[in-house]
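Listed below are the residues making up each chain.
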Amino acid sequence: MKKMFPKLTASLAVCSMLTSASFAAADVIKIGVQAPITGQYANEGQSIDNGVRLIVEQYNARGGVLGKKIEVVTCDDQGAAQQAAICAKKLVNEGVKAVIGSYTSGATEAAQTTYNRAGVLQTSDGTSDSLIAHKYWTFFRNSFPNSAEAEYTAKYFVEGKQYKKIVVLSDYSSYSTDLADATVKALKAKNANIIYEGKIKSGSQNFTATLTKIKSMDPDVIYFSGYYTDGGLLRAQQMQLGIKADFVGGDSNDNPDYMKLAGESAKGTLLINVPTPDILPYDIAKTFLVDYKAKFNMMPASIWSLMNVDGLRAILHVMELSKSDDTKVIAEGLHALKDFPGITGPVTFREDGERIGGGYMTYEVQADKSYKIVYQ
Amino acid sequence: MDIFLQQMVNGLTIGSLYALVALGYTMVYGVMRLINFAHGDLVAFSAFIGLSVYAQIFGESVTSLVAVITVFVFTAAIVAFVGVLLERLAYRPLRTAPRLSAVVSALGAGLVIQNSVMLIWGPNMKIFPSNLFPSTIWEIGGIVITFTQVMILGVSSLLMVGLYFFIHQTKIGTAIRAVAIDQDAAKLMGINVNRIIMIIFIIGSSLGAVAGLFIGTYYRGITFDMGWMYGLNAFVAAIMGGIGNIPGAMLGGLLLGLFNAMITGYISTQWAETFTFVLLIGILVLRPTGILGETVAEKV
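Chain order of the listed sequences is A and B. Numbering follows this note's numbering, in which position 161 of the first sequence is assigned residue number 161; successive positions increment by one, without gaps. Numbering follows this note's numbering, in which position 38 of the second sequence is assigned residue number 1038; successive positions increment by one, without gaps.
Just chain A, with the same shape it has in the complex (with noise of 0.2 Å):
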C-alpha cells in the first residue's frame, strides 16, 4: 500500500498538469503519451512519459515546432487493453496529432484502431508481430521485432562463432516460443545444425533432468528464448553439470536478476539483446542521457523508453520538414525517412510501419558482471 501513493500522486499531479496547460494556450501542437504510469510496468511508462517531456521542453526552449509550443498530454493505460481503448478514446478527443506509446504489445493493440480512425499517428515499441498485421498507415513500430533478433542470432552463430551443434531451449510463453520458432527457422534458412529443440516449465527452477539429457548430446551452444529468472537458474546448473557449451540468452535475459541467480556462473554468458542505454555509441544519445539524468536525476528505465523518444523525434523531424501538421503528409514524411540519426539508431520505416534494422548486439558478461560487446 505503502508504494502505491508516490505512484497515484505521481498521476495526480499529472493529470491537474494537462486540465491547467490544455487552457493556456489555444494554438498549440497536442502530442499524446499513452503509457502505464502505474501498475506493473509503472517504470518503463514514467521513464516514456518523461523522456517524451524532455524532448518537448527541448523543442519548446527553441520555439517549439511550426511556430507553435508543444503540449504533452499523458493517459496512463495500466499495461492493461481496457484501459487503453478508454485511453484511445482519450486522447482522440484531446485533439492529440500523434502519440507516443504504449509500453506492452497488447496495450498498444487494444488502442490501434481508435487511432487509425481517428487519423491520429501512433508509435510503439512493442515487439509483437500483430501489431504491424492491420497495415495501419497511422502505426509505426520504433522498436524491433522478434524476427529481427532471430536473424541477428543466426548470423552470429553460423557466421561469428560457426558453432555446429546448436541446442535451442524455450519456455511455454508465447514470447519465448515465438522467439525461439523465429530463431530456429533463421537457423535453418542458414543450413545450421540444431541437435535439440527442448522446451522447460518456467518457474520449475530444477531444470537438471533436461540439462542432463542435453549433456549427452556434447552441444557447442545452448540459446535460451525465455525470461531471465529461468535463464539464470539453467545457466547455474549447466556449469554445475559440467555442460562445456556456451550459453545465449535472449534480450530477456538482459537483467539484474539473471547475474544473481546464475552467481558466479553468469561470467561468460553470452546475452543478445539492442544495446542498454549507457553503452549506445552515438552522440545523439550520449547527449540526451546527460539530460535526461540532470533533469529526473535517473537513468531511463531501460532501452525501450529511447525507442519511443526516437519515434517522437523522428514525427517533430517530418513536421519541421514538411512545415505541415496534416497527420497524412506526416505519414508520408515518415514512410519517406531514410536513416534519421536516433537514440538508438538510425531509423527507416517500412510501408507497413515496420522500423527496419535491428542494432542487435552480444554482450559477454564479465567476472564483474559488467557487459563486454563481442559481436554486432
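Errors might be hidden in some of the hints.
[Unchecked claim] So these bits of chain B aren't anywhere near chain A, every CB distance computed over 10 Å:
1) L1107
2) I1137
3) D1184
4) M1226
5) L1280
[Stated by the list, open to error] Taking lysine-lysine and the DSS-like style, the derived pairs with C-alpha atoms no more than 27 Å apart in a straight line are:
6) B:K1126 with A:K199
7) B:K1126 with A:K260
8) B:K1126 with A:K369
9) B:K1187 with A:K201
Hints in this document: simulated from the structure, not taken from any laboratory. In this text, all values refer to a predicted model and were calculated from it rather than measured experimentally. Beta carbons are placed, not taken as given, at the ideal position from N, Cα and C, and that holds for glycine.
Place chain B on chain A using the hints.
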C-alpha cells in the same frame, strides 16, 4: 550409463526435498486425519524467513558453517512456532467439526500465509546469496555432484532416519503412535492429545523449514507462490507412499523425484507432470492405501 546415474542423482536430490515436505503432510494426516494444505506455503515462508534471518544476523558477506547452522536453527524455530500457531487458530477450533470445514480452513490458512509473504517481502523473486555453501563440485566416473546436493541428501536422510527412531524408540514417539491409532483411548491412557498434536506440528513445520531453506540455497530464486508447486508434489508423494505412513512419505518423495527426472530426461518435460498424475491415479486404483499403506498396521 553415466547419463542414467546422473539422472538418478538429480532425481534423488529433488526427491529428498519432496520427502521432507511430504513428512509434514503425512504426520498431520496420521494424527488428525486432516490434509494440511497450508504446509506448502509454510515451506515457501521458511525460505523467506531464512533469507531475512541471514541478512539480519550476518549481513551479506559472512559465510561459515556456524552461520549456516544458525540460520537453519533460527528459521526452523520460527516456522515451528508459526506451525503451532496455525494449528491453534485454524485447526483446533474445528477438531470436532466435519472434515470438510477443516480442509477449507487449511486452504484458507495457506492463502493467508502466501499473501502475507507477498505483502511482507513483495511480489518479486528474492535471491539467496550464492556462497552459503562452498561451490565444490565432485566428479566421480562422469557423474557430477555438488556440495549442496550432498548436503541435501545427507541432512534429509539423517533427519528421516532420526524421525523414524524418534517415533519408534521414544516415549513421545509411542504416544504419537497411540494418538494416531485412537485419540479417545489415548486420552484415557493419560496422554495429553493437544500436546502431542503440538509436537506433530513442531516436527512437521521444522522439516518443512529445512526443505524450504534447501530450496533457497540450491535453486537460489524464491517466490512467494512457489509453495504451491512443492506442496502439490509433496502431497502426491505422501499419497503415493501411503498417507499417514512415515516411511511411505520418504519412499514416495524419493520415487516421485526419480520418476520426474527419468520422464523429463528420457521422454520430455511436457509429459513429466502428466505421467506423475497418471502414476498417482494408477497407484490409487491398484493400491488405494499407497505403496506402504497396507503392510504397516499402525499409521502415524
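How the hints compare with the structure:
The claim that L1107 of chain B is not at the interface with chain A holds, since no C-beta of that chain comes within 10 Å of its own (minimum 21 Å). With a minimum CB-CB distance of about 6 Å to chain A, I1137 of chain B fails to clear the 10 Å threshold, and the non-interface call is violated. No beta-carbon of chain A comes within 10 Å of the beta-carbon of D1184 of chain B; the shortest separation is about 44 Å. Residue-level check failed: M1226 of chain B sits 7 Å from the nearest beta carbon of chain A, not beyond 10 Å.
Every beta carbon of chain A lies more than 10 Å from that of L1280 of chain B, the smallest distance being close to 18 Å; the non-interface claim holds. Restraint check: the Cα-Cα separation between K1126 of chain B and K199 of chain A comes to about 24 Å, which is no more than 27 Å; the hinted pair holds. Proximity of K1126 of chain B to K260 of chain A is assessed by CA-CA distance (about 10 Å); at most 27 Å being required, the pair is judged to hold. As the CA atoms of K1126 of chain B and K369 of chain A are separated by approximately 18 Å, the hinted pair is consistent with the 27 Å bound.
For the hint pairing K1187 of chain B with K201 of chain A, the CA-to-CA distance comes to about 49 Å; that exceeds 27 Å, so the pair is violated.
Checked against the numbered hints given earlier, the structure breaks hints 2, 4 and 9 and satisfies all the rest.
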